[in-house]
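In the order they appear, the protein sequences are chains A and B. The numbering of the first sequence is the working numbering, which starts it at 96 and goes up by one. The numbering of the second sequence is the working numbering, which starts it at 11 and goes up by one.
None of these hints come from the bench; they were simulated from the model. We put the CB at the ideal spot given by N, CA and C, even for glycine. Warning: the hint list may mix true and false statements.
[Said to hold, decoys possible] Cross-link-like lysine-lysine pairs, in silico, DSSO-like; alpha carbons within 30 Å at most: (1) Lys58/B - Lys275/A; (2) Lys227/A - Lys201/A; (3) Lys364/A - Lys21/B; (4) Lys263/A - Lys109/A; (5) Lys364/A - Lys275/A; (6) Lys201/A - Lys176/A.
[Stated by the list, open to error] Pair ranges (Cβ atoms, derived): (7) Arg202/A - Ile18/B: 54 to 64 Å; (8) Ala293/A - Ser78/B: 16 to 26 Å; (9) Glu80/B - Arg153/A: 47 to 57 Å; (10) Val40/B - Ile365/A: 19 to 29 Å; (11) Met56/B - Thr363/A: 32 to 42 Å; (12) Asp340/A - Leu52/B: 24 to 34 Å; (13) Lys95/B - Thr363/A: 35 to 45 Å; (14) Val321/A - Asp47/B: 43 to 53 Å; (15) Val40/B - Glu165/A: 39 to 49 Å; (16) Asn258/A - Ser78/B: 34 to 44 Å; (17) Asp47/B - Asp340/A: 36 to 46 Å.
[To be verified] Quick partial rundown of chain B residues pointing at chain A, CB under 7 Å, derived from the structure: (18) Met13; (19) Arg16; (20) Ser29; (21) Ile60.
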Amino acid sequence: MATDTRVILICSGKGGVGKTTLTANLGISLARQGLTTAVLDADFGLRNLDLLLGLENRIVYTAQEVLEEECRLDQALVKHKQESNLSLLPAGNPRMLDWLKPDDMKRIVDMLKEQFNYVLIDCPAGVEDGFKNAMAASQEAIVVTNPEVSAVRDADRVIGLLNTNSIKPVQLVLNRVRPKMMANQEMLSIDDVTDILALPLLGLVLEDEQVIVSTNRGEPLTLNSVNSPAAKCYLNIAKRLQGEDIPLIDPAEEISGFGAKFRRLMQTKIF
Amino acid sequence: MAMTLRDIINKLLRRQPASASTARERLQLVLAHDRSDLSTELLDQMRKEILEVVAKYVEIDVDEGAVSLETEDRMTALVANLPIKRTMTGQIQLKEPKNQSEVDSPETEGTDQKS
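Next comes chain B alone, as it looks inside the complex (with noise of 0.2 Å):
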């Protein structure tokens, strides 16, 4: 997120973001949702079924994982961000241990879904 000197010095004196920030936000999370037709209980539905399909094969952490829309260039993405628990030895902990080597990273998982 860019940030000009009035952001930060704004932030320092606890004032108001300007407007200017908050309405691209606001635009950016509305127009996800205009453009993909999609309802908050259907994404909501699909953030839990994503869920449960990712926790049979490895450990996630439910409490921080996200699954949000988000756009750039008009095409929308369905973006979900599992952080996965890791065993001692810094290892991800599989729960069935095979066929799994693609998930080797704790970082965002990006899939196409509607241009």
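With the rest of the complex left out, here is chain A (with noise of 0.2 Å):
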């Protein structure tokens, strides 16, 4: 029995962020590191986690059964082929929509913890019921956004509500960034972001094609692609998440090629 579980929601607002990527990869980069883990998909109207992790043939039942007391919890935690640490589990079936409350995902998560190191939350997007629901249960969150006016803008939204609801801590991970276009200041800096949102940054996760490459197989990048870009930051976040001290990338350093210098050149702050 685990003693001190920590519950973390991933949200970010706004969909098509990478909260569920990033929940797979957080969830098989911690169970690698030894600790097991929960990833509980809260999104039990629209559920993709399953997809992504290549368990969707897998899932028999949900938190809904356990909480009818139709099964045992060990029946509905579907775990991973490859990361036997890994358990996957869906909060609901897609046809049973309004069915849970905040209470009842409480109860849940209470029972993941008696067994996990991490429960890891994959908040559905909007800041509905769904988003309400899954913030009950959580102690921390992480919330993820990308550097683009609408999801920096419904972040700031989430962040309110986590808030006023005091979840500690709350820390950032900056999805989909593009050193390129970030160096032709095309896209707000990592700056921008941190400072607009006024929260610590986790990591930050570069803009990579492996990603819909491995969403394809259902295997998600740190399982097999540990080295492209995208996998080394989000193995990365989950060092820091356990505590090691690892430095943040820069976007610039990621730039190679003749026109590298010129663009940092171009980005000295004169005043």
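Take the two lone chains, each set in its own frame, and fit them into one complex as the hints suggest.
Now the structure itself:
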């Protein structure tokens, strides 16, 4: 039985910024470090975490059946094929909308806390009931955003709600960073986003085509493609969660070739 | 406002500024409003009333006056910048000549409004 289970909400407000991909990759990375990890898909209306982990055909029960005492928790947990420290629990069945309440989420998370080091909750998009359910069961949060105005605005809204509900710490992951666009100042910089949202940066994730390839296969990057740019970023985030002091990557260093030095010069702050 | 070498070159060539700075400015403005739940109409009304109150005590340049919401570190502040007209002797023009000694600067008056 794990004693100091960390229950982390992974949320963003806006959809499509990379919550589920982050949840899957953090789950794999933490499991690889020998930590028992449960990933809870709180988005039961439109669940996708099973698909990213390649476990879509192995779901029999969900948290709903556990709470209704139709099955035991260990029957509903889907253990990952390659990473036995990682288990998936879908919150519910897509056909049973509006069933879960905040207290149900708390009960299921309390059960997971009995046997896991980490519980990662993949939060649905939006700031409505799905988000509130997921937040009710969480202690701390990771807010995922992209360097885009709409994603940052929605993240700000979510951070406000997390603050009023005393969720802490709240840390930021800046996803889909494109170093070239940042260097050309055609994308909000790391500092822009952290200044505006006033959150500590847990990590940034570089834009990486391999993410799409990995979702096609149902194998998170951190499982088999550990050398891809995004996989390294996810691994770093997992290590920082564990308290390791891993320096942040500098997007400017990621640009190679002739233009890199020139772009850096153009970014020089004059006043 | 921070300026980079690229910004300066763009300015010299009269090119559009790189879009990141536009994004930053638009975000800061929209977030100040999102965070305060104040509509533009309410803010306008408040601005009018603040100007009226201040105008009771000192002569201000109404056209130059600005009341806006600014945000830093998740703290939103109501910032009023009201230029006060001076007399020939360089003194601030006081309409009612007592108890107004704290209004001795034509600079920004900042008031914490909401966090």
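Which earlier hints turn out false for this structure, listed by number in ascending order? 1, 12, 16, 21
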